[in-house]
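Chains as they are written, first to last, in full-length UniProt numbering: chain W, 1 to 371; chain B, 1 to 701.
One or more hints might be untrue.
[Stated by the list, open to error] Between beta-carbon pairs, the in silico distance windows are:
(1) K103(B) / I91(W): 36 to 42 Å
(2) G207(W) / G42(B): 32 to 38 Å
(3) G38(W) / A126(B): 34 to 40 Å
(4) Y192(B) / R206(W): 38 to 44 Å
(5) I41(W) / P118(B): 50 to 56 Å
(6) A126(B) / G207(W): 28 to 34 Å
(7) T14(B) / R206(W): 44 to 50 Å
To be clear, the hints were calculated from the coordinates, so they are not data collected in a lab.
Beta carbons: idealized from backbone N, C-alpha and C, even for Gly.
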Amino acid sequence: MSGLNFVPAPLAQLPWRILLLVIAIGGFDLFVLYSAAGGSIRPWALSQGIRFVVFLAGAIALSRVRETTWSSLALPAYGVLCVLLVLVELIGAVRGGGQRWLDLGIGFRLQPSELMKPCIVLACAKFYDMLPPNETRRFGAIWPAALLILVPAALVMKQPDLGTALMITIGGVTVMFLAGVPLRLFIGGALALGAAVPLTVNFVLRGYQRNRIMVFLDPESDPLGIGYHISQSKIAIGSGGIFGKGFLNGTQSHLDYLPEGHTDFALATMMEEWGLVGGVLLIIAFVGIVQWGLAASLQAQSRFARLTAAGLAATIFYYVAINMAMVMGLAPVVGVPLPLISNGGSSQMTFMLCLGILMSIDRTNRQTTRW
Amino acid sequence: MKRATFAQSPRMVTEASQSYSFSRRAILLGGLQGAVGVALAGRMAWLAIAENARYSSLSESNRVNMTLVPPRRGWIVDRHGVPIANNRTDFRVDIIPDRLENKGHVLGLLRDILKLPPEEMDRLVADLEHAAGFQPVQVAENLDWERFAAVSVRLPELPGVAPTRGFSRSYPAGAAVAHLTGYVGAASAEQYKQTRDPLMVTPGFKLGKDGLEKTLESTLRGVAGQKRVEVTARGKLVAELATKPDQPGTNARLTIDAGLQEYAARRLGTQSGSVVVIDVATGEMLAMVSMPAYDPNTFSDGISHLEWKMLSDNDHVPLMNKVLQGLYPPGSTVKPMNGLALLGAGVPASDRVVCTGALRVGTGIFHCHKKSGHGALDLKNAIMQSCDIYFYEMIRRLGYDHVAPVARRLGLGQKFDLPFNSQRYGTVPDTAWKLRRYKQPWTVPDSLNASIGQGYVLTNPLQLAVMASRLASGRALQPSILADHVHADAPALPIQPDHLQTIHEAMWGVVNGGGTGGAARMLIPGVQLAGKTGTAQVRRITMAERAGGVLKNGALPFKMRDHALFQGFAPHDKPRYAIGVVLEHGGHTVRNLDTPAIARDIMTYLFDRDRALASLAEAEPTWGGDIKTRMAAETAVYRAAAGAPPLAVGAQTELNATAPTDAPAVRAASAADVAAAEDLANSAAPGNTVAEDGTTERDVP
Numbered sequence: 001m002s003g004l005n006f007v008p009a010p011l012a013q014l015p016w017r018i019l020l021l022v023i024a025i026g027g028f029d030l031f032v033l034y035s036a037a038g039g040s041i042r043p044w045a046l047s048q049g050i051r052f053v054v055f056l057a058g059a060i061a062l063s064r065v066r067e068t069t070w071s072s073l074a075l076p077a078y079g080v081l082c083v084l085l086v087l088v089e090l091i092g093a094v095r096g097g098g099q100r101w102l103d104l105g106i107g108f109r110l111q112p113s114e115l116m117k118p119c120i121v122l123a124c125a126k127f128y129d130m131l132p133p134n135e136t137r138r139f140g141a142i143w144p145a146a147l148l149i150l151v152p153a154a155l156v157m158k159q160p161d162l163g164t165a166l167m168i169t170i171g172g173v174t175v176m177f178l179a180g181v182p183l184r185l186f187i188g189g190a191l192a193l194g195a196a197v198p199l200t201v202n203f204v205l206r207g208y209q210r211n212r213i214m215v216f217l218d219p220e221s222d223p224l225g226i227g228y229h230i231s232q233s234k235i236a237i238g239s240g241g242i243f244g245k246g247f248l249n250g251t252q253s254h255l256d257y258l259p260e261g262h263t264d265f266a267l268a269t270m271m272e273e274w275g276l277v278g279g280v281l282l283i284i285a286f287v288g289i290v291q292w293g294l295a296a297s298l299q300a301q302s303r304f305a306r307l308t309a310a311g312l313a314a315t316i317f318y319y320v321a322i323n324m325a326m327v328m329g330l331a332p333v334v335g336v337p338l339p340l341i342s343n344g345g346s347s348q349m350t351f352m353l354c355l356g357i358l359m360s361i362d363r364t365n366r367q368t369t370r371w
Numbered sequence: 001m002k003r004a005t006f007a008q009s010p011r012m013v014t015e016a017s018q019s020y021s022f023s024r025r026a027i028l029l030g031g032l033q034g035a036v037g038v039a040l041a042g043r044m045a046w047l048a049i050a051e052n053a054r055y056s057s058l059s060e061s062n063r064v065n066m067t068l069v070p071p072r073r074g075w076i077v078d079r080h081g082v083p084i085a086n087n088r089t090d091f092r093v094d095i096i097p098d099r100l101e102n103k104g105h106v107l108g109l110l111r112d113i114l115k116l117p118p119e120e121m122d123r124l125v126a127d128l129e130h131a132a133g134f135q136p137v138q139v140a141e142n143l144d145w146e147r148f149a150a151v152s153v154r155l156p157e158l159p160g161v162a163p164t165r166g167f168s169r170s171y172p173a174g175a176a177v178a179h180l181t182g183y184v185g186a187a188s189a190e191q192y193k194q195t196r197d198p199l200m201v202t203p204g205f206k207l208g209k210d211g212l213e214k215t216l217e218s219t220l221r222g223v224a225g226q227k228r229v230e231v232t233a234r235g236k237l238v239a240e241l242a243t244k245p246d247q248p249g250t251n252a253r254l255t256i257d258a259g260l261q262e263y264a265a266r267r268l269g270t271q272s273g274s275v276v277v278i279d280v281a282t283g284e285m286l287a288m289v290s291m292p293a294y295d296p297n298t299f300s301d302g303i304s305h306l307e308w309k310m311l312s313d314n315d316h317v318p319l320m321n322k323v324l325q326g327l328y329p330p331g332s333t334v335k336p337m338n339g340l341a342l343l344g345a346g347v348p349a350s351d352r353v354v355c356t357g358a359l360r361v362g363t364g365i366f367h368c369h370k371k372s373g374h375g376a377l378d379l380k381n382a383i384m385q386s387c388d389i390y391f392y393e394m395i396r397r398l399g400y401d402h403v404a405p406v407a408r409r410l411g412l413g414q415k416f417d418l419p420f421n422s423q424r425y426g427t428v429p430d431t432a433w434k435l436r437r438y439k440q441p442w443t444v445p446d447s448l449n450a451s452i453g454q455g456y457v458l459t460n461p462l463q464l465a466v467m468a469s470r471l472a473s474g475r476a477l478q479p480s481i482l483a484d485h486v487h488a489d490a491p492a493l494p495i496q497p498d499h500l501q502t503i504h505e506a507m508w509g510v511v512n513g514g515g516t517g518g519a520a521r522m523l524i525p526g527v528q529l530a531g532k533t534g535t536a537q538v539r540r541i542t543m544a545e546r547a548g549g550v551l552k553n554g555a556l557p558f559k560m561r562d563h564a565l566f567q568g569f570a571p572h573d574k575p576r577y578a579i580g581v582v583l584e585h586g587g588h589t590v591r592n593l594d595t596p597a598i599a600r601d602i603m604t605y606l607f608d609r610d611r612a613l614a615s616l617a618e619a620e621p622t623w624g625g626d627i628k629t630r631m632a633a634e635t636a637v638y639r640a641a642a643g644a645p646p647l648a649v650g651a652q653t654e655l656n657a658t659a660p661t662d663a664p665a666v667r668a669a670s671a672a673d674v675a676a677a678e679d680l681a682n683s684a685a686p687g688n689t690v691a692e693d694g695t696t697e698r699d700v701p
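If we strip away everything but chain W, and leave its shape as in the complex, we get (with noise of 0.2 Å):
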């Protein structure tokens, strides 16, 4: 990557080739909300556009922190993280009803659940990262990360917001995998989950939640009202075929039959208009992107930067794989954004997030590999 020597240095540094995916994707975006929009720049391509290249700037920032700060910092942010999350439930109670931001002022909102999804990956690696290798198949091992997993997940389960909760959850979940724990848990903890699901959705879930699995087990039971989502997103994808309506050609989105056309469901507008080769398009980037994650942390030195690395490349693989089930019918609409697509700064932070602290593993293993 060094070869173009008239470039300085830190810029040369930069893992171009995932920059620039990353870059496609965000620019491609600006095309769909642009027509989500109607064939206008406002209101979502403009500010989704300029949010795009300040979050960016902070991921290539973020990549020059040393892998160590990360490590140093991660049990400090998770506290901190806890307590607003706390804090976020109290206003929320003094408010009445369900409350997920926190007002900053000067115009600035904080959703600390969106900041909890690297930071549960964080906290866990660390945790694993300090525990001595003899220790990992022991229950020391485990009801320590189950706890660290546990209380974000409940506290954000209570705002309630069942995509984020589902979210941490398995983002940590998969960093206690990766750091040895024994695989019979792992399997024996999807048996139970099986057994507990049916449970969950009749007792644990409110209303409405219990009604978005149900109509996800059966669209058509409800065809206009919650099943409506699944089904006009389903509508589409499907009547896009191979190459799409075309570009601003889409009359789901256009005609408004489409709901959340340019959040949840964006990649529903996409495909409406740019066909599967869209979708299979976007499908191969994010793979490029995870499985540059991946690689990253089979190259990292320290098990902390191993562990963080494949945690964080899981979270955006989950972002993405449970966004595109919910959007095509195969999982319940449980409210996960497509990062880089779907409208909003939160999955976009989330994701920038990620990228940058990946970034910067990816840096020190190449500086370490160096000699």
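Model the placement of chain B on the given structure of chain W, informed by the hints.
Below, chain B without anything else, positioned relative to chain W:
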């Protein structure tokens, strides 16, 4: 400190083995992720390729909103092309629920502009609640231009309101054709459920509910047009797409003569009666009238409960199509037919019977309508004077089983191929029939009663007219009403021409030779009517009453009065037209509203229209004016008696009312008629010694 361990055999975990385990698991994870990626791409391909056609059409049906344009209904025209049922331009106002904003305000404005009555507002609110999306909901139809224009002008204040010009059914002759055409109405909820045809719930669409409108529905309906617009999910119109015009239904041409039909209906005046006129050359029906009737124009708009009740309560049974549903003992109108049967059985026309006014049979006495008796009579005179004793005696000798086949051959008790639901066919009794029906043997009194068209004999007015046409032509004419379904070339009946000639002469004598039907004599040079009168008794006359003088019909309650009948044809020498007239409980009370005079005038119309119209114009005011005037007056009286307010404009209910000819009132009325007739017949049966209850034909001057 002992720790719990999860390993089955405690294994030393070192940094190296940990790193190895991580790599394995990370690669496993990467593989799983790749697999999920492939699965997602597969799902995309499934939706976009395999299910592409299905989802494309769903997307298209999302985008394009189709509203149906009700097809213009085919006309029903008479034999000369004159419309009996046509379509007139109708101004209507609908609401498109999706576009409705500020519902309360809009509805309030509409109520004020259109002067909608409260019950209509309730109906509208209920309809709007059940309405979904783009399907228009009717606010009002049949609006006059002023109110329609008032809505059109204020449209900017009325989002979602759609004034449209449509078509609605019109019957120029009103009640005169009610039982011929039937009427149209909005489809019932059940009809929609059965067909799932969206046209059924399109405002302005009407389908046939009774009569020809119902039986010819598939011909008359046509194909709906389509209006296609591109709309957003919220119902906002984006663009108008191509519109497909409606295909009007096919016109149906009848054999009916609209002028004659209306004339006959008016000529019946206040009577509860029916008239059928048949073309003797072809069997085509020129008129089929049942009066009084409902107005199919108001029925098609939907009528109120009160109107329905008024029609149901009327003892003249306006809801019944008496031509096909009314069953009456034919009385003496069967005597020419009896004569044919006697001649056919070898009885010479010159054979005489002495009428003394009464005939003893077994333990009973059968009376002639002429108390003093007719003296010695041959066949022709027996028919002309309508002597009962002659036919009692002759048919007692012959046996009714020799008469019944002739009756059937002439059309009595027969089914005809006509496009009407709910027809009744009556009875021609004989030994086998009675055994089947009552498990009793045929008796001599049965023969006697049947010989004068009473007892078990029942016929509908159409059969009466068919009998007249077959007597006139000597051919097995089949009545037809659709111009393209005429049963021409009817075969000759197995009747000897000289027998027919004898009967024609006798029927000529009834009207023109000093017989009972003198009032039917026509005043047109060269055209003479041949016919036969009839009276059908509906009550028992006791010995005591007979001794004190039989009560005059005028003194009896309506339901107890005799039915009055007439059948005949003209001109007598070259028959062109045959007619059957039945006046239910007519009772021969008012001369110019009696069967012979009515038959005469209707026949006159066919040969000299102006003369017929002139005489009607003179007579009509004496019985309260034309049909419309009398109906309006009756309605006003009924409403006043019921304490109901005058009819509100645009009021509609009872859209799903049963078809008139299926109405409970009609069933009850016809059931009662038949029951009364059968009861009368049975009371003359052996074991019941009131044979004095023979029936009478009163002298008709």
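A quick look at each hint next to the structure:
no. : hint                          : in the structure
1   : K103(B) / I91(W): 36 to 42 Å  : holds (39 Å)
2   : G207(W) / G42(B): 32 to 38 Å  : holds (34 Å)
3   : G38(W) / A126(B): 34 to 40 Å  : holds (38 Å)
4   : Y192(B) / R206(W): 38 to 44 Å : holds (39 Å)
5   : I41(W) / P118(B): 50 to 56 Å  : holds (54 Å)
6   : A126(B) / G207(W): 28 to 34 Å : holds (30 Å)
7   : T14(B) / R206(W): 44 to 50 Å  : holds (47 Å)
Checked against the numbered hints given earlier, the structure satisfies every one of them.
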